[in-house]
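Those protein sequence lines, which keep their order, are chains A and B.
Per this note's numbering, residue 41 is the first one in the first sequence, and the count goes up by one each step.
Per this note's numbering, residue 256 is the first one in the second sequence, and the count goes up by one each step.
FYI, nobody ran anything at the bench for these hints, they're computed from the structure.
Some hints here could point you the wrong way.
[Unchecked claim] The calculated lysine to any residue pairs, modelled on SDA-like cross-linking and capped at a C-alpha distance of 20 Å, are: (1) K438(B) / E76(A); (2) K456(A) / V488(A); (3) K540(A) / F380(B); (4) K597(A) / P378(B); (5) K428(A) / Q442(A); (6) K440(B) / A75(A); (7) K270(B) / P387(A); (8) K539(A) / F381(B); (9) K514(A) / Q324(B); (10) K544(A) / K438(B); (11) K566(A) / H376(B); (12) K544(A) / V346(B); (13) K540(A) / N349(B); (14) K178(A) / G124(A); (15) K307(B) / G572(A); (16) K180(A) / F201(A); (17) K378(A) / I431(B); (18) K438(B) / E88(A); (19) K460(A) / N416(A); (20) K460(A) / H209(A); (21) K307(B) / Q575(A); (22) K43(A) / A75(A); (23) K378(A) / N417(B); (24) K258(B) / Q273(B); (25) K109(A) / V140(A); (26) K539(A) / H376(B); (27) K540(A) / H376(B); (28) K544(A) / P378(B); (29) K540(A) / F381(B); (30) K540(A) / K258(B); (31) K540(A) / N417(B).
Fair warning: this is a prediction, and the values are worked out from it, not measured in the lab.
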Amino acid sequence: MKKFIQKVVKDNNFRAVRLLAILREIQTEFRYISAEAIEIVAELLDIERTQIISVIEFYSFFHLEARGKYDILISDSITDHMMGKQSLIEYLSNQLHIAVGTVRSDGLVSLDNTSCTGMSDQAPAALVNGYALPYLTKQKIDDIVSLITQQPPIKDWPKSFFTVTDNIHKTNLLLKQEIAQGDALKATFKRGLIETLEEVNISGLRGRGGAGFTTAMKWKFCLEEKETERYVICNADEGEPGTFKDRVLLNSFAHQVFEGMTICSAIIGSQQGFLYLRGEYLHLYDQLQSVLDQRHKQGLLGKNIIQSGLDFDIEICLGAGAYICGEESALIESLEGKRGIPRNRPPYPVTEGYLNKPTVVNNVETFLATANIALNGGKQFSDLGTKKSTGTKILSISGDCQLPGIFEYPFGTSIKQILKDCGAENVLGVQVGGPSGTFISNQEFDRVLAFEDLATGGSFIIFNKDRNILDLVKNFTHFFAHESCGFCTPCRVGTSLLKKQLDKIVDGHGSAGDLLALEELCQLVKNYSHCGLGQTAANPILSTLQRYPEIYQSQLKEISFEPGFNLDASLETARQLANRNDANAHLIQEGE
Amino acid sequence: MSKTITIDGKEIPFKEGQTIIEAATAADIYIPHLCHKPGYEPHGSCKLCTVKVNGRSCTACTFPATEGQEIINSSTELAEDRKKITQMLFVEGNHFCPSCEKTGNCQLQGVAYHLNMLDNHFPHFFADRELDASHADILIDHNRCIFCSLCVRASQESDGKNVFAISGRGINKRLIVNSETGKLKDSDIDVNDCAAHICPTGAILIKRTGYTVPIGQRTYDKQQIDQVSLAKEHNKND
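Same shape as in the complex, but just chain A (with noise of 0.2 Å):
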């Protein structure tokens, strides 16, 4: 084992801020990291164990105790769900004789649950080994079962497993095609380095992660910063359920997306850059590493790049299954080798961020239309739009409609247009923007995808009549409890307190009361949560509850409150006492 994690940490250059991919390739050997382990990589690295043992539980994808030799992991996103995920699971536990959660005795099969992993339009999903298993089906499943007992390596296993597709079925400026690789950067040299910052900000553009921050102010303010070490960080974190055209943008437009950040550190100065992407995705990391190796070929990375003077290069790294990372702060403490927690702010990640030196995040998307601004200018990207959010946006959609996949609208598009595109029938509501997003019901698809109207980082799953609104809230409001880092108290403890109280709620426990301090409790984790996450954590009861307070009513007992004793009983001596015995001396138990 020794010689094993030598080789690794060696092969990391002994950087302390490479402790994920370091500790995924332990993980991915021994199937757990083992407190010997530990030790050696925390020697070698010199860092503290705790540190170390701090970053394994935080991660979902990280063990103290041994994994089965075939780990899998099933996606619970609400979408897995409503293609069957719950009857396949509780059949390959039977098949497999293995109870959820648990590893196998004689160590050959771990099974377990995972945030959704990005494959909602080819769910339900699954990951063995952190290899994507997306169209999973009874037959699939009988297939895995007795390849599991006959024991090949995952590389032997049939290569039509593993096979994602992109189901790319509307395009608009961005997906109509990829440009040429090159043409962008040599447009940018060309027209200008300011001049093209220009054109950024002329095209409007905000980010897509969902924020929506102007990209061109994020450039210029981390251009501006007297420091001049500064850092590209590409977020592809998207673990937003129900997300996955960053999937689909990696997987298919990735010379455009690494053209986009060389463009960003042509602009702010940057020599280094980064493309965080998320574990989930560990199928797309050699395709991905060989764009890389290819654009070092063609002399579109590494030093002197088109002979323009700028070095610079991108290195991929590997998440590890935290929602939380998607933060943009949380995601530069990964990157740093430590765990993903929210940074105080200010100051912001253009003054103080990868290795507190200025640094621009921004998501898969934003770099690909910046690469396509770069080369067409930013007035073809504003004419597209509203005037608030120009441009278009690349939509996953998933739930109940005929096509689940990729579609590229201009902003300003309305709910019912695209609906109608994707073929969804007979719907109840949308889910805009995923579960930190907002429902919308079917009284409101006039509405439009906009910052200004339903933002959203991409997240678009359809409810058709026939599904339990309180089934979705339930998965939303459970996956927020799971994914909270844990760092403020109103999140860490809020969260699985809405988790309860709505449980209770749901499973009929609930009185009137419990309601009322449903609600209470929403608003406390919302308005006092330190990041995003818990400051969205409540939206799915609050979005539901504020369009269907009927729907939680009738979950409701009868009564208000659960009395302890007779009301009425109790006023007996009194009514003796006043020798009165008629009707308003009585008290009729509300709710009876």
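Starting from the structure of chain A, add chain B where the hints point.
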């Protein structure tokens, strides 16, 4: 002329680089807090010191004071919500004040009294937490840990060690000890370390000193936490 901020309508001066809580303390204004302690790197995790700055919620212990901020520290809403955050800390761990040797000297209890907390409001988690009595002089009762991380910071910043760390995620968050066995006796903590004495609750205790001061004559038995805190922390901020 020195720069000023306004807290609850009262104009107070601040120095460049001060956080809101530092400026407030210097002006004799108490903002409830648990994870903050003057002299240590701000943490901002307990959220008890949340104030409204120009209408926006901010943690006073991390947010820099800047010219002209309009801050609300006392309002019915803040008082009620701070109480609920405190109740969250109570139900998350296992806090039984009457049987805890820290009673009367406990900041969690002190803040709870200050905020007029009369019950736990939320359902209890009944977390299964351990007790580490391995060390000859120091005891850790994890039932009472509120993850303020003061012991982590004190060990690093004052003692030049790294005895404690926060691990786990979400509601499974936990305090861990830096030793091969994970036990305190095998760490390099010393009974005179700041980290051994800084705990605001009864999670880290010095053995055999629990009842040297009788109940009824303890810090918060005599004075409310706002008075104690201002008296203690005032000078350190200057």
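Verification of the hints:
Distance restraint check for K438(B) and E76(A): the Cα-Cα separation of roughly 16 Å lies within the 20 Å cut-off, and the hinted pair is therefore satisfied. With a C-alpha separation of about 9 Å, the suggested pair K456(A) and V488(A) falls inside the 20 Å cut-off, and the hint holds. Of the supplied pair hints, the one linking K540(A) and F380(B) holds, its CA atoms being roughly 10 Å apart against a limit of 20 Å. Restraint check: the Cα-Cα separation between K597(A) and P378(B) comes to about 19 Å, which is no more than 20 Å; the hinted pair holds.
This hinted pair does not check out: K428(A) and Q442(A) have alpha carbons roughly 31 Å apart, beyond 20 Å. Distance restraint check for K440(B) and A75(A): the Cα-Cα separation of roughly 18 Å lies within the 20 Å cut-off, and the hinted pair is therefore satisfied. A distance of roughly 18 Å separates the Cα atoms of K270(B) and P387(A); the hinted pair therefore holds under the 20 Å criterion. Distance check on the hinted pair: K539(A) and F381(B) sit about 16 Å apart at the alpha-carbon level, within 20 Å; holds.
For the hint linking K514(A) to Q324(B), the alpha-carbon distance of about 40 Å lies beyond 20 Å, and the restraint is violated. With a C-alpha separation of about 38 Å, the suggested pair K544(A) and K438(B) falls outside the 20 Å cut-off, and the hint is violated. As the CA atoms of K566(A) and H376(B) are separated by approximately 18 Å, the hinted pair is consistent with the 20 Å bound. The hinted pair formed by K544(A) and V346(B) meets the criterion: a straight-line CA distance of about 17 Å does not exceed 20 Å.
Restraint check for K540(A) and N349(B): the C-alpha separation of about 18 Å stays at or below 20 Å, so the hint holds. With a C-alpha separation of about 10 Å, the suggested pairing of K178(A) with G124(A) holds against the 20 Å cut-off. At most 20 Å may separate the alpha-carbon atoms for a hinted pair to count; K307(B) and G572(A) meet this at roughly 18 Å. Distance hint between K180(A) and F201(A) is fulfilled; the C-alpha atoms sit about 8 Å from each other, no more than 20 Å.
A distance of roughly 15 Å separates the Cα atoms of K378(A) and I431(B); the hinted pair therefore holds under the 20 Å criterion. About 15 Å separates the Cα atoms of K438(B) and E88(A), which keeps this hinted pair within 20 Å; it holds. For a cut-off of 20 Å, the pair hint linking K460(A) to N416(A) is broken: about 31 Å separates their Cα positions. A threshold of 20 Å between alpha carbons decides the hint, and for K460(A) with H209(A) the separation of about 13 Å falls inside it, so the pair holds.
A hinted pair counts as satisfied when its Cα atoms are at most 20 Å apart, and K307(B) with Q575(A) qualifies at roughly 16 Å. As the CA atoms of K43(A) and A75(A) are separated by approximately 16 Å, the hinted pair is consistent with the 20 Å bound. As the CA atoms of K378(A) and N417(B) are separated by approximately 16 Å, the hinted pair is consistent with the 20 Å bound. Our distance criterion of 20 Å between C-alpha atoms is met by K258(B) and Q273(B), whose separation comes to about 11 Å.
Note on K109(A) and V140(A): the hinted pairing holds, with a Cα-Cα distance of about 16 Å set against a maximum of 20 Å. Between K539(A) and H376(B) the alpha-carbon distance is near 16 Å, which keeps this suggested pair within the 20 Å criterion. In summary, the hint linking K540(A) to H376(B) is supported, as the alpha carbons are separated by about 14 Å, within the 20 Å threshold. At most 20 Å may separate the alpha-carbon atoms for a hinted pair to count; K544(A) and P378(B) meet this at roughly 11 Å.
Pair hint K540(A) plus F381(B) holds up; C-alpha atoms about 13 Å apart against a cutoff of 20 Å. The straight-line distance between the Cα atoms of K540(A) and K258(B) is roughly 47 Å, outside the 20 Å bound, and the hint therefore fails. With a CA separation close to 36 Å, the supplied pair K540(A) and N417(B) exceeds the 20 Å bound.
Consistency with the previously given hints fails for numbers 5, 9, 10, 19, 30 and 31, ordered from lowest to highest.
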